[in-house]
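Asker: Based on the sequences and whatever the hints tell you, model everything.
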Amino acid sequence: MQSQLSFSAQNQTGTLFLVPTPIGNLGDMTYRSVAVLKQVSLIAAEDTRNTQKLLNHFEIETPQISFHEHNTQERIPQLIAKLVAGEDLAQVSDAGMPSISDPGHELVMACIEAQIPVVPLPGANAALTALIASGVSPQPFYFYGFLDRKPKLQRETLSALKDRPESLIFYEAPHRLAKTLTQMVTVLGGQRPASLCRELTKKHEQFVRGTLQSLLDWATESDQVRGEFVVIVGGNPDGPSDQATGDQPELSIEDFVNQLIETGLKPNDAIKQVAHYRQLKKQAVYQIYHHLDQN
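Under full-length UniProt numbering, residues 1 to 295 are what the sequence shown spells out, in order.
No lab work stands behind these hints: they were computed from the structure.
Hints are not guaranteed to be accurate.
Pairs of lysine-lysine, DSS-like flavour, derived with a Cα cap of 30 Å [as the list claims (entries may be wrong)]:
id, residue 1, residue 2
1, 38, 162
2, 282, 266
3, 203, 53
4, 162, 152
5, 179, 203
6, 266, 162
7, 282, 272
8, 150, 179
9, 38, 82
10, 82, 53
11, 179, 202
12, 281, 162
13, 162, 179
14, 272, 162
15, 38, 53
16, 266, 281
17, 150, 162
18, 203, 162
19, 53, 202
20, 282, 162
21, 38, 179
Quantities reported herein were computed from a predicted structural model and do not represent experimental measurements.
Answerer: This is the structure we're talking about:
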């Protein structure tokens, strides 16, 4: 076990700050993020050319060093050495949170192993920004990110996810969107509620809401399939499939709650979700699950 006091005066090393950057609108950069980027001695950036535009906009003169998926093994020892020597560093990705579908996790783990404080800053994130306006139930949710590009592996992944009751969050590039939606319709079914969210925080921000089938039709016919997409898909309202639960066509309230608890949800959260999916009052589900007198 390891305990970190992020801002203790007893820390003997520098600190790694994980700094989120805007996903489109520069106005989403926080005051704290700007201040941290100004005060650290070095910024590890996924693409230094892209980050330099951000630094120029906010008049940040801190030097950069490239840190991306192709040079992590070379860079990590260099960055750790600077941190051990007492320098504070910041790590940024091209947009949004470091480590979320972007480089960063390996550096974080190296810092933890070396007992170097890792301090995350809150800020822009495409997945949650899309989720709360998608029209799909925002909790619980399951973030997956980018599916594999190979169709066979896509189908295998979607098959593993199809019984999950949580809303599912994916990232996808415009040129692969229609093919990915086709796979989703095939594996998950065309009637799942879903939302396509593109150009988040930018001038042409757009939400396309409907079923997976209607979104596939839009992606096939529209001339607006541009920009990066967040794809939100409603979870399976019936829980595990019949194959996983025997011949019973629909789980009982008690079994459904227990299934959700087995996935890691707390009992009250599982009861809340069952009530949502079965369109029942939470108190009614609570009483059924706990075998309480409903009179």
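Asker: Each hint: holds or not?
Answerer: Quick rundown of the hints versus the structure:
no. : hint      : result
1   : 38 / 162  : 45 Å, violated
2   : 282 / 266 : 14 Å, holds
3   : 203 / 53  : 19 Å, holds
4   : 162 / 152 : 15 Å, holds
5   : 179 / 203 : 26 Å, holds
6   : 266 / 162 : 21 Å, holds
7   : 282 / 272 : 6 Å, holds
8   : 150 / 179 : 11 Å, holds
9   : 38 / 82   : 17 Å, holds
10  : 82 / 53   : 25 Å, holds
11  : 179 / 202 : 25 Å, holds
12  : 281 / 162 : 26 Å, holds
13  : 162 / 179 : 18 Å, holds
14  : 272 / 162 : 20 Å, holds
15  : 38 / 53   : 15 Å, holds
16  : 266 / 281 : 18 Å, holds
17  : 150 / 162 : 18 Å, holds
18  : 203 / 162 : 34 Å, violated
19  : 53 / 202  : 17 Å, holds
20  : 282 / 162 : 25 Å, holds
21  : 38 / 179  : 43 Å, violated
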